[in-house]
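Asker: Listed below, chain by chain, are the residues.
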Amino acid sequence: MTVLTRNAIRKEMANSEDPLVITPVLDREQVGASSVDVRLGHQFIVLRRAAVTHVDPTDHEGLRSQIQRSQHQVRLSLHQGFIIHPGQLALGATLEYLSLPRRLTATVEGRSSWGRLGLVIATACNVDPGFKGCITLELVNNGEAPLVLYPGVRIAQFVFHRAEEEADYRHVDPVGPGKYDCPIGPQFSRIDRDQEIPFWGQLAMPISVRKPTPDEESHMRTWPTWELEPSEFPWHYDNRETCLLSEGEVTVEAPGQTVSLGPGDCAVFPQGLVCTWKVRTKIRKHFRFG
Amino acid sequence: MEQELLSRLRTLVAFELESYEGRLRSLSSSQYPSDVALRLIQHIAAEIRAQRTEIDQLVRDFRDDPERVARGLSSQHRLLINRLAYLSSLENAQTEAVPWSLVPSIERLASVLIPNKHLLSTCTYSLNYGIRWYPVARSALQSFLLLELPAIHRTNAFLHVLVGHELFHPILNDFFEQHAPTVMARLRGSIQDLLARHPPRQPLPERRLDKLVELGRAIWQRALEEVMCDLGCAAIFGPPALFASLAFALGSDFDEPPSPAGQFYPPPRFRFRQVLRFAFHDWGGDQDVGGPVEAGDDAEKPLEKLCRVLNEKQFEWAVDVLRKQFGIIKKEVTKDTDLRAIHKEPLVEIAYGEVSQSLPSAWDYVQEKIDATGVAWAVAIDEIPQLLSKLEMLVPPGEISLESDPLGGRSASLSAIAIAMWVHHLRDEIPAAGLSLDDLLKDYHRECRLMLKAFEDVELRREYDSRRMNRDNP
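Read top to bottom, the protein sequences are chains A and B. Take the first sequence: its position 141, counting from 1, is numbered 140 in numbering that gives the first Met the number 0, and each next residue is one higher. Take the second sequence: its position 10, counting from 1, is numbered 9 in numbering that gives the first Met the number 0, and each next residue is one higher.
Hints are not guaranteed to be accurate.
Said to hold, decoys possible - The calculated label-pair distances, taken between Cβ atoms and stated as ranges, are:
| id | chain 1 | residue 1 | chain 2 | residue 2 | range |
| --- | --- | --- | --- | --- | --- |
| 1 | A | L46 | B | E462 | 29 to 37 Å |
| 2 | A | A32 | B | R466 | 22 to 30 Å |
| 3 | B | S29 | A | P85 | 39 to 47 Å |
| 4 | A | P145 | B | R466 | 22 to 30 Å |
| 5 | A | G80 | B | P180 | 36 to 44 Å |
| 6 | B | D64 | A | L77 | 48 to 56 Å |
| 7 | B | Y463 | A | P85 | 46 to 54 Å |
| 8 | B | E299 | A | L116 | 56 to 64 Å |
Please keep in mind that the hints were generated in silico from the structure rather than gathered at the bench. Backbone N, C-alpha and C fix where the C-beta goes; we use that ideal spot for every residue, glycine too.
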């Protein structure tokens, strides 16, 4: 992969067909010999210790709530300092909005001036061709003293490479734009949108079984019912299901777990679970999806 | 007042004062998108300190003159309660509560239109744009205006063009002071004629002539003020003022007649018609919507210039979008359902007769205000094609780049950004009709992000360039 130098960068910016756009470039000296310095934006996402026991990307339902509770958005005005403490991880973003042509890729690298103070920037370094938006920067202070960062300071640099073939981040799948659609600030993780995550997280999808309280049971008995004679069948849960077994016995087998249900048992089957139902005696259940 | 009750009043006022101070202290450590909020807090805190001193003095005089102390404490209590609205506004002005990237641009526009005032932008959970001020005598708080945006539309950058309407409200006093006496004299004559000639078709809301005249004045002033603010917004932002007005009014009745319950607001259709007629008379001046207002000279009209510039840069589609949108609006204003609603009420009919007479001088007044400030949308037309090019690449349209130097650039104008964004958005309106609601919203949110980023970059570049210029040329 060739690295674009100053003149090549300027030519790409002046290209009338799918130009490289970096905006705003407040000072032309940001364009160096083989990179472009970029600045820190106004917005930050601060991770905080909260009443969240874990963050599980396969927990589709709970993940949004886990992320919201463990991350907090902050927006600073110009001249206001953001203090990052030793060992702390915070998400920032570039001030500059990048529009990468389909023929170029970019890598984000920290400036050594900050690195020598212990600040590590951008653990996710690669920017795909066709990407449009401000780049989220993962900021970690590996030093021994808190650092004060100000919106607008030059924090990182883009290094551009010519791709062998054209590609487009925004059309990686038939559905539409990639996960991060023209972001203008740091973004919460969207790892749950990786389509294969539910598959890899099978073992982390526990089926919960318990006895409901009398009130809960009365309420569940108002739900729709479903019956089945003894049989065996595979099943995939597109949606979470809660059910109350009122008759019969069944064993549900999933990777890494097997549960047996009898009359009076309330079970919750998580979204994405793949399992096999083995109905031993005729069952009747009250159920609800979602 | 009995001594026990006086003592309770003293406790009440002391408690409220302490609570107010505590909340103010807490608000002073919050994040705000500019320093206006902190300046407001400082002024309020100074007034609260002065108030505390007065209350302490009053309490010391209690034994000597309990009646005077009672009156004094009641007065202090009222003063404090009157200031409660500021606490609410400050709560709603925090960074996370407002479209923070837009606030510096709004403040800059306000500083040009309403100099010597500070504007605090807030978001409230009412579906309304508004501007408030508290004429408290001898108070530094008079220099603060409170702009209210609908919180539910916080990130809806397209609608925030309507801020231009609100910024005109505080600068119309001179016009009404000048014209109200003449209008009231004519209203009196018309209402007397109405009462003398025959009984009105509908019962009148009042029986006394002076009250009817005052009511007529209120109807006249409310209608004219709203239209003048619409015209002001259109003079600043151009076509987006009309598009945003229409969009915001879509959920309501275009022909809702003025009424006490509606604070005598004019029907939306009436307002669109006047904006089309005066601010866009080169496209709205057909006979069936009131005729051209000005004979006009040979100078190119703004909409004509916009079309020419867009055509020259091969943005014919943008011209088509504009013509189509104006066609939709013209179709709406050729209906007379609002006028029929107005003519049903004799007093409203008389008042709106005065509105029609006042409109030409009202438009002149608005134009004078705009000409004095240099924020007319027409001056930024040449920027629009480049901004549309950026939008086609999904790049925020906040910067005008030099053709010969991609690294050289300057901030785009607010009106040019608004026009480019609206035209770009409306282009996709029909193809988007087949999209699911989720996809529709995804596209809309993306456009809002690009617009807000553009506004953010405009102010940042202005400030950076200004500092660099000062550094290089001390």
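Asker: State for each hint whether it applies.
Answerer: Do the hints match the structure? See the list:
1. Against the hinted window of 29 to 37 Å, the Cβ-Cβ separation of L46/A and E462/B comes to about 30 Å, which satisfies the hint.
2. Hint check: A32/A to R466/B, Cβ distance near 27 Å, so the stated range 22 to 30 Å holds.
3. A beta carbon spacing of about 27 Å between S29/B and P85/A contradicts the range 39 to 47 Å that was offered as a hint.
4. With their beta carbons about 27 Å apart, P145/A and R466/B fall inside the hinted range of 22 to 30 Å.
5. A hinted range of 36 to 44 Å is violated for the C-beta pair G80/A and P180/B, which are about 57 Å apart.
6. For D64/B and L77/A, the Cβ-Cβ distance of about 54 Å falls inside the hinted range of 48 to 56 Å, so the restraint holds.
7. As the Cβ distance of Y463/B to P85/A is approximately 31 Å, the hint placing it in 46 to 54 Å is violated.
8. Under the hint 56 to 64 Å, the C-beta atoms of E299/B and L116/A, about 57 Å apart, fit the expected range.
In this structure, the hints that do not hold are numbers 3, 5 and 7, in rising order.
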